[in-house]
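K.L.:
Next come the chains, spelled out residue by residue.
There are 4 protein chains.
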Amino acid sequence: MLHRRLAARGHLIDTGLMSRFLAAVLGGGGKYEILRFDVGKTKRDFSEVELDVRAGSQRALDAIVANLITLGCHLVEDREVTLVPAPKDGVAPAEFYSTTNHATRVRSGGRWIDVQRQRMDGMVVVRRGRAVCTLMRNLKRGDPVVCGVEGVEIFPPFEEQETEHFSFMKSETSSERAVEVKARDVARMVRATKSAGLRVVVVPGPVVVHTGAGEALARLIKRGWFDAVLSGNALAVHDVERALFGTSLGVDLRTGVPAREGHMNHLRAINAVRAAGSLRAAVRRGVLKSGVMYECVKRDVPFVLAGSIRDDGPLPDTQMDLIEAQAEYASQLEGAGLVIVLSSMLHGIGVGNMLPSAVKLVCVDIHQSVVTKLLDRGSGHALGVVTDVSAFVHRLERELKGSA
Amino acid sequence: MLHRRLAARGHLIDTGLMSRFLAAVLGGGGKYEILRFDVGKTKRDFSEVELDVRAGSQRALDAIVANLITLGCHLVEDREVTLVPAPKDGVAPAEFYSTTNHATRVRSGGRWIDVQRQRMDGMVVVRRGRAVCTLMRNLKRGDPVVCGVEGVEIFPPFEEQETEHFSFMKSETSSERAVEVKARDVARMVRATKSAGLRVVVVPGPVVVHTGAGEALARLIKRGWFDAVLSGNALAVHDVERALFGTSLGVDLRTGVPAREGHMNHLRAINAVRAAGSLRAAVRRGVLKSGVMYECVKRDVPFVLAGSIRDDGPLPDTQMDLIEAQAEYASQLEGAGLVIVLSSMLHGIGVGNMLPSAVKLVCVDIHQSVVTKLLDRGSGHALGVVTDVSAFVHRLERELKGSA
Amino acid sequence: MLHRRLAARGHLIDTGLMSRFLAAVLGGGGKYEILRFDVGKTKRDFSEVELDVRAGSQRALDAIVANLITLGCHLVEDREVTLVPAPKDGVAPAEFYSTTNHATRVRSGGRWIDVQRQRMDGMVVVRRGRAVCTLMRNLKRGDPVVCGVEGVEIFPPFEEQETEHFSFMKSETSSERAVEVKARDVARMVRATKSAGLRVVVVPGPVVVHTGAGEALARLIKRGWFDAVLSGNALAVHDVERALFGTSLGVDLRTGVPAREGHMNHLRAINAVRAAGSLRAAVRRGVLKSGVMYECVKRDVPFVLAGSIRDDGPLPDTQMDLIEAQAEYASQLEGAGLVIVLSSMLHGIGVGNMLPSAVKLVCVDIHQSVVTKLLDRGSGHALGVVTDVSAFVHRLERELKGSA
Amino acid sequence: MLHRRLAARGHLIDTGLMSRFLAAVLGGGGKYEILRFDVGKTKRDFSEVELDVRAGSQRALDAIVANLITLGCHLVEDREVTLVPAPKDGVAPAEFYSTTNHATRVRSGGRWIDVQRQRMDGMVVVRRGRAVCTLMRNLKRGDPVVCGVEGVEIFPPFEEQETEHFSFMKSETSSERAVEVKARDVARMVRATKSAGLRVVVVPGPVVVHTGAGEALARLIKRGWFDAVLSGNALAVHDVERALFGTSLGVDLRTGVPAREGHMNHLRAINAVRAAGSLRAAVRRGVLKSGVMYECVKRDVPFVLAGSIRDDGPLPDTQMDLIEAQAEYASQLEGAGLVIVLSSMLHGIGVGNMLPSAVKLVCVDIHQSVVTKLLDRGSGHALGVVTDVSAFVHRLERELKGSA
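Residue numbers (our numbering), protein chains in the order written: chain A, 1044 to 1447; chain B, 1044 to 1447; chain C, 1044 to 1447; chain D, 1044 to 1447.
There could be a bad hint or two in this list.
Identical chains blur together in the list; that is why a pair holds if it fits in one copy or across any two.
[Claimed, not checked] No farther apart than 27 Å at their CA atoms in a straight line, the calculated lysine-lysine pairs in the DSS-like style are these:
hint: 1; residue 1: Lys1341; residue 2: Lys1444
hint: 2; residue 1: Lys1086; residue 2: Lys1074
hint: 3; residue 1: Lys1131; residue 2: Lys1332
hint: 4; residue 1: Lys1237; residue 2: Lys1341
hint: 5; residue 1: Lys1265; residue 2: Lys1237
hint: 6; residue 1: Lys1183; residue 2: Lys1131
hint: 7; residue 1: Lys1332; residue 2: Lys1444
hint: 8; residue 1: Lys1444; residue 2: Lys1237
hint: 9; residue 1: Lys1416; residue 2: Lys1084
hint: 10; residue 1: Lys1416; residue 2: Lys1131
hint: 11; residue 1: Lys1265; residue 2: Lys1332
hint: 12; residue 1: Lys1074; residue 2: Lys1131
hint: 13; residue 1: Lys1416; residue 2: Lys1265
hint: 14; residue 1: Lys1074; residue 2: Lys1265
hint: 15; residue 1: Lys1416; residue 2: Lys1332
hint: 16; residue 1: Lys1444; residue 2: Lys1265
hint: 17; residue 1: Lys1074; residue 2: Lys1332
hint: 18; residue 1: Lys1341; residue 2: Lys1265
hint: 19; residue 1: Lys1237; residue 2: Lys1084
Just so you know, the hints here were simulated from the structure itself, not pulled from any lab data.
All chains should be built: construct the whole structure from the sequences, respecting the hints.
P.N.:
Given below as structure tokens:
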């Protein structure tokens, strides 16, 4: 196996840098051995570490080393930078080193030279003992441009204590990610949880039905992927309205246009279930013939509908005593390995308050602020997906082929 | 054809009510004839209208009439309300009338009775000359409940001038709509525009590539659906990065995980195009072999990349003189019948400023505030879709089968 | 009084144009008389209107006429456009007419000329029988530029029925408005409601306390501005935590940094009230000495705390039976003239469901989507304010000087 | 000085736990000495640490120890838990220990007992060798409840490599923070930067003027707090429109209602400056007499207005060659110690791309997604404030009393 030795010095622990070094090695498919780690005894002392990094290919090793150098490690051997002339004006050599916004020095002519005009996404031109950060478009043909990472050393700033609360970490909630990738990740988590003999609990909001994903969710329940449904009155009302009238809050789900007499449909849906006596009775009597609640009843998947101040009706099945509702939620969460919250902030927070940290939590919502809020109080194993919940549920259904 | 006669009185024009009456008739599939319309001459005068409403079935007519009554019309003939006893406690008769939050009166015993305790989503119980708005759960078996809309009259509040700026209209930007329905609508608009011999212009932001929809967009271009692409440097850079390295801003689009050496890829992509001389040259030389820009070059679909203060590079094709860029945008918009903005606020506003109002405008973005902002300055024919842009583009591709 | 006569022809009612004409006159401080109004009998027929518009000054009248022309009216007399030469390259004459994006024609040389290259925010240059929409920067010295609105006619597109659902109205929820102006509006509404002998009900979310506005809200209650407080368990818990420990969810409200032992404070706050027996008892025993709940108890302002699935504790005062909670909310809303929802989506929707439409509703939230959702189901008299709730409450306090 | 000894064992570095231990000590006002730190050599090995923690008071020490235990440290001495009987039903003893959602054990009767039914925000009742996590409301009078943290040990989950990308860190961008506290922090940063002889650069978006904070920003410039203004055409146009007409995009900034003829005002503002020749000339000639640009000219504060595809006009001062605009921005950023971005995503990203990481960056915006995006590419010293920008600027002005 190929390997290289790197070192770093600074406030490696209280800044979290040391953790990021190791994550970079593992994330790049490599392995590490910590050769030396002198931890500063107090806050003022620097720590020093020396790492041996290994990888299966030169390419992988180079990538890991490049990342470590970006984080502030340096190669133990003092090699010179590689300089390659720019092939034409405004064009860099193919293997150019691209800069970070951190203070940088390069080794050339046997000594370390500080790079001037440091900025992000530039190249370093070294000439006559001077190193200057230069934009690609300002390169001149023949400029000696640093390539690769040999001989490059970077100094990320150490955050002093008073600025500590300025630190920031890339959150996992950006909307700029492919929904496909996330759905595949969640599908994998669902399968792994089932395989481990643990329960998968879904917490869908009414938006799931309103955006046209109710039937997809119903099929996932029918095929056995979810072991309990925790929600509120509105989800079930929307779901029954869809099953009875094809509308959700009066909007026709096939055409997207408000249905004639539509604004009365949700009350008619409630009335139909109240007349039958319960959701279960409505299924038994053939009143309710499809949808999320129908499949729960048919497949004996337990559901809890917690009441709230905004409920119409409510359905006879909605638990309006919230002490009782919390107890029923908690009981359904026993033995859970994974909880998936689908656009349901209220019930999502309720569930989050009850969960042991070992349970994985997935939150899907179109509003980043909702995802942030849910994960803020979540467990260590939390995944936020900022996307259209309908697209997500449909995609999840495609990923979870077959029955559980 | 079945018909009924309705009348209304009030500030019908300055409140927009008259327009909503007519929309309710047309929206319900009916037709109207305005029998009489006495317009108040000044602000203080009431207007009075009498309408004859027709529809093809009793069901359709009933629905239209119900909606008109909700809006404040009343039937010309003074019929009594229909009262049906509640079948059991907490359950309404099947055809119950559900209340609005507007002041209401019902006709019973030959006179009009004001409904007490008015609120939304209740039923009206009439007994001993009193009419009370009652929640479904509070109905008792045998309570005489108003059914249908005969004998019901509603009084929506008239907004006085000083409260005029409190008025609100249901915007068409809610995320709580099915992406499928919207994509189908847009596909229909695309086809209609092409059939009319007009151009369809797409304005995609870099998020389209970053969320994994670049290939779908490229296929739509390849199949001839779009006549011009207006965007900026970043879209093309992301697109080339994807084509060359399979990443976007260093994130692997297949796996969603940051690529090794990924953060350098976008600069390498820029460098490769600069080395070739232009996007067109990069295609000709076989450097660029797929993606949005590739298909534009191959199919001779014109594109304009407008520069901005945040651009890296830029690509040789990016127009950094913005006077020139605006002129090139405007030139591509000539003859356009439809413009589709995909998660690109900056370029979307630029385009919006240039468009004649006859051109249809579609804006897709995950942030409602962006959609609102774009439509705020948009034309009369504007459609906002708040959703994951990746899901939307993939769905649009499915709806636009075959070639243009 | 000065006056002018204007006319318009088209689908004036079903498009809402007629309503906008009248609003433009009233909004500009003018008055109107409808001289003639021939309403199209059916959907296909055009309507025709002739208006006499009056205003107190030439300036006001000109402004109203300019706005009406932008909306598609034209002056009854066929006057010629006024043409003034551009004073230098790239500069328009001071009184230039600025274009809309609608099709336009101008009267010159005794005939109507269609304007070419129509776009928004341009000028119209008329020369040798041609009229061209020109950007300011492209004007040449001496170009004859249309000034004022005489001789200008505009043709807004009529929306056909099938595109009807693309229509859009400027919503009143933009964040790009001064918080001061909104707070003043709301203060005026509060005073008017009190003067009318009606109740003002406030529905604050826990964010009010968490963002540091709890004391300002408490002062407003102390000074008698609010007649009832409708909220949930969390508001009261945050409020008591602030009163007892100076923190909210463990964050020190003076310094913004997490307090030592902070994450236990909200449970300690709950425990202290449970030990006393109720909020009222906690005030009586001197345990609770400040804050929103304290002032409610002291001043006998009724409050209802509705329970929810996410509640910790709860406080003994929290109503966990939601049927009962809805009844108590409804009872406090009787006699209300104004309801102010402060960052509380859940309770705001609950309240909205119960309100007669004559009651005014104000919704303040930092998320536009929440404001939209609340107003969507709201009454006719609704005002949305997208802003930081803390800034709003502090500003409202400044506007509501003195006691009620 | 008081001190205690704690230890921990596990994946302390790659999970970042070790960093959080030290942050907890420093954040609580304490000091630490690392007595022993055996770092696992490879990914599979556990690390072990022993810390001596000191603080100035028993209270401070207890708080630090409580936090460390929550994070997974345990006291080196095996003491028994303290059990205090619940004083009445549903009430805990005052010093109760409140649970996390992590697996927990308590030491009682000389041995460690696993706590059953683990969840967040509960109490631990220990009886007959069993320890059960119990909700406050379910406590019975006399139940022996764990108080303090002696004898409590917590086991946060270790995240395995495959779930590594689910990790999440509390971001500093929540809107649920007091704007006052943030404004004070930023004021302190401004003063510290000026004292250090570094430049403070402000990057305001047009929303600053549109929300009524233009005059406050102008006063801050007048009093010398900002050394350069980087923005675009729109800010200056809004600012001049406000100075000339009292409106912004046609909305009267004092009343919030659209001005008569308002929609033409921004073009008139552009025309007036174009007629004068430049902003500087407009000030010299007495055309422009107040506002942000006026104060810049008067006080010789350099400004750069970068053009964009959406610009009207533009003003003669707007740099429409973006290569040149980037160079001018970069030049103004030399010597900067602090950059404050006020609701300006486009220019904020432009600036972020150019900044060395040693420069502090503050981003204020009402949309959390914008703040996240800006900080995502930002420096190590970045502070996000999600709030109404108008409220923030006004507050900042109050905090920055006097002149620089």
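K.L.:
Any hints this thing doesn't respect? Which numbers, in order?
P.N.:
9, 10, 12, 13, 14, 15, 17 and 19
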